[in-house]
Amino acid sequence: MRKYIIKRVVEAILVVFAITVITFIILNVIPGDPVLLILGDRADANTIEMVRHQMGFDKPLHIQFFNYLGKLLHLDLGVSYFTREAVFQSLSRAFTLTIKLALSAYAFALVFGITFGVIASVKRGKFIDKFLMSTSIIGISAPSFWVAIILQIIFGLKLNLLPISGGESVSAFILPAFALGTRYIASIARITRTSMLEIIGQDYVRTAEAKGVSKWRVTIGHALRNALLPIITLIGAELGGVLTGSMLIEKVFSISGIGKLTVDSILSRDMPVLQGAIIYIATICVIIYLLVDISYAYIDPRIRLGDEQ
Amino acid sequence: MKNTRKLLATILALSLAIGAVSCGEGTTKADNGGKEKKILRFAEANPKNSLDMQTNTNSKVAVISDHITESLLRYDEDLNLIPILIKDMPKVSEDGLTYSFELKEGIKFHNGETLKSSDVKFTFERMFTPATGALSTYNYDMIVGAKEMLAATRESLEGFKVIDDTKFEITLTEPYAPFISNLAISYAEIFPEKATKEAGENWGITTLIGTGPYKLESNNQDTGVTLVKNENYHDGIPNLDEIQVKYIDDINTQLLEYEKGNIDVVALDATLYKNYAENDNFKDEVNEYHPLGTTFLNINNEDEVLGNAKVREALSYAVNREEIANYLLNGTVTPAKAFLNPNIPGYNQEAKDYEYSIEKAKSLLDEAGYKNGVQIKATVSSADGNASKVFTAIQAQVKEAGIDLTIESLDAAAFNQKKKDGELQLYLATWNGLYPDGDHFMNAYLYSANSRTKSVNYNNSKFDEIMSKARVSSNKEERAKLYKEADAIATREDYAVIPLYNQSSFFLAKPYVENMKIGNLIYHFFNVDINTELQNKK
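In order, the protein sequences belong to chains A and B.
The letter at position 178 of the first sequence is residue 178 when you use this note's numbering, and the numbering goes up by one with no holes.
The letter at position 29 of the second sequence is residue 29 when you use this note's numbering, and the numbering goes up by one with no holes.
Just so you know, not all the hints are guaranteed correct.
Stated by the list, open to error - The following residues of chain B were derived to be distant from chain A, with all beta-carbon distances above 10 Å:
{"no.": "1", "residue": "Leu150"}
{"no.": "2", "residue": "Glu198"}
{"no.": "3", "residue": "Glu201"}
{"no.": "4", "residue": "Asp384"}
{"no.": "5", "residue": "Ala413"}
{"no.": "6", "residue": "Arg452"}
{"no.": "7", "residue": "Lys476"}
{"no.": "8", "residue": "Ala488"}
As the list claims (entries may be wrong) - Quick list of in silico lysine-lysine cross-link-like pairs, DSS-like style, CA-CA up to 25 Å:
{"no.": "9", "chain 1": "A", "residue 1": "Lys158", "chain 2": "B", "residue 2": "Lys283"}
{"no.": "10", "chain 1": "A", "residue 1": "Lys59", "chain 2": "B", "residue 2": "Lys418"}
{"no.": "11", "chain 1": "B", "residue 1": "Lys274", "chain 2": "A", "residue 2": "Lys158"}
Unchecked claim - Pulled from the structure, derived: some chain A residues nowhere near chain B, Cβ distances all over 12 Å:
{"no.": "12", "residue": "Ile19"}
{"no.": "13", "residue": "Phe82"}
{"no.": "14", "residue": "Asn226"}
Keep in mind that the hints were calculated from the coordinates and are not lab data.
Where is the CB? At the ideal position from N, CA and C, for every residue including glycine.
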């Protein structure tokens, strides 16, 4: 098991480094001079060149890269071209907000998604099953920003129950969590149902029922537990997306999370922030996939042993 | 039955939980020793910038910084230039090179220090120090020694002479009539030397100290800024106790918060004007103002097709400005008659409307050698929501004259790059003057050297000569006459750009917000007051 983990960790580090290099190259090749966005239309040509020189854009690309790499090794992600704030600080703040939003949305999605999936599988073919699965299609299909706006209007404005925007209070996260979690409820519910139906049909489940074990214990204790693998895979795959920020939800609810920070930095060509955000996103995804792989190996020893062989 | 009861109990518990959490919001008004606090709440998109106006050019930052730090002069909401930190308008030497200033006495910064001439000198020297990274030095680099400082060949500003704690002189390398106006804009706000040095890299981030009517209480880069009144303000205690600037990027969310009552003043996009102007609940809260801007078709005068003046003139005849103004943009704009905005000295009050005539357009294209039509490509920036709409309308209009207009869309950064490289053939531009002066309007945009970075590539030596002459003249009437002449050359003879319309801008303000007025681009709350009685009645 230890060998397996070490191997995966080394691979993860190499992946993050490769992404850093590729990102740097791409960001410096795509059209769009951040100096023009910083200065606006009023600056004359001399000022543009002066600022380019001050910011080091006139240096050869490889020099710029090595300077960047040198700072990165000291965990210095640089300073935003616009806010002049340390990128690490901006990312930390954005990360905290995104984590809060992501965990709220995901907790919400897990509780309701698994519950609906289990109910649908147990009540297969009945009205409740059809209702829950049809609703899940709407959940997957509805654009999240549309859901967000509807929630703002109904619960924020008309009913005046919850804040319309912001990320400063607990209540401010309820609507965004609901808006973001809706599509994940749907996908988790569907995969839970499918996975549960496979397990419920197994001999050992029928044996447990025959032995008089309660339906509740059979469903949760035996069936759900064994149906977890595909659910964990989905959770892992989607958690990466949730933790890297939902730009639309963050924009509508005015939450300055990672998603919004990333998109804003793309549009403004705020390279240090963008580079930092991409490294963050890559690291998060790599860690999550690593944890999924490790949990797979732990749950199913055949995976670990097969790899070691 | 048992399961139904469990389900209902769960729903009830969740509802109670939501209610409990949402009831803990509290109110924004706070008691002020028995007196109701006057707190103005304003929403704008997050400028994502430091509050130091030397290192950014963002007007959204100026909304905040203009209340904290002050320039020597300021344009008020009626566009009058008034002295703020100085006793009177500066005396200018006969040769137009030396400006003499005298500061008002006893003006204090928020930290209690007295404003002195040395602080003014420090502010300008900081601006020209390369390490600062100041972005608007071109407005002031005609001060003797400025360019040397920027080139790091000098460390002090030779053209700034401190006479005593309140008197100083600034000497320029050449006469420059708009210099006083440039001293009135946000980029020349005066900083306290000691506090600025102490704050170092945090200046404009966690610390900003000035002489303004409001002090910086808190600056949260993500959520907004809180300003509190300066009890020792040199021009009288301001009306408001607090100004809260909330960062909300999405304009719909801004308006929802306004409708809910969490925001008192908010900008209203022209596309949404009708929704509120025709809504009985909000129509009395809609306000209009007229920025010093003109929207026009920016043409590449060195382009193979548009380099021909007859083609440009044909394009002007083929565009129906009335239709765009009245139908497409719902009357929120006025057809333009010149490049200069009507409030800029030099605007030709007798100018005729630009004629709309498909026949004349066709005839001109024929003369230019394009009898069978011509292809032109318009480029729009993804950051400009209006441009696509306007060009789509123009595309249909000019088709009748035989102009096949295609529209390409680029993201803002790529668009700006191509613009700077002079590669755009045609795009929609709006140029706003920071103050009512023709130099800031025409020279900055159409003077040959400046027009290159805007894909205009306009090069008319007579026009340039007029610009240079107007720039050094101290006679206001003469300058106005020169700008009038230059405008006619650029837009009625050369058709270097094609003026389309002058915009109106709008904002919403609650009925209890008094004296809210906007002169040009920036939201200032210097004279704003809140009628707390009316506010409590709502």
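Each hint, compared with the structure:
1. The beta carbon of B:Leu150 is not kept farther than 10 Å from every beta carbon of chain A, the shortest such distance being approximately 7 Å.
2. Under the 10 Å C-beta cut-off, the non-interface status given to B:Glu198 relative to chain A holds; the minimum distance is some 17 Å.
3. The beta carbon of B:Glu201 sits about 7 Å from the closest Cβ of chain A, which is not more than 10 Å, so the claim that it is off the interface is violated.
4. The Cβ of B:Asp384 sits about 12 Å from the closest Cβ of chain A, beyond the 10 Å cut-off, so the non-interface label holds.
5. A cut-off of 10 Å between C-beta atoms contradicts the statement that B:Ala413 is not in contact with chain A; the least separation is 3 Å.
6. At roughly 7 Å from the closest C-beta of chain A, the C-beta of B:Arg452 falls inside 10 Å, breaking its exclusion from the interface.
7. Chain A leaves B:Lys476 outside its interface by the beta-carbon criterion, the shortest separation being 23 Å against a cut-off of 10 Å.
8. Remark: the non-interface label on B:Ala488 is consistent with the geometry, its nearest Cβ contact in chain A lying 24 Å away (cut-off 10 Å).
9. A threshold of 25 Å between alpha carbons decides the hint, and for A:Lys158 with B:Lys283 the separation of about 19 Å falls inside it, so the pair holds.
10. Distance restraint check for A:Lys59 and B:Lys418: the Cα-Cα separation of roughly 21 Å lies within the 25 Å cut-off, and the hinted pair is therefore satisfied.
11. Straight-line distance between C-alpha atoms of B:Lys274 and A:Lys158 comes to about 21 Å, which keeps the hinted pair within the 25 Å bound.
12. Consistency note on A:Ile19: stated as away from chain B, and its beta-carbon is indeed over 12 Å from all of that chain's, at 21 Å minimum.
13. At roughly 5 Å, the least C-beta separation between A:Phe82 and chain B is not larger than 12 Å, which violates its mark as non-interface.
14. Every C-beta of chain B lies more than 12 Å from that of A:Asn226, the closest at about 24 Å, which supports listing it as non-interface.
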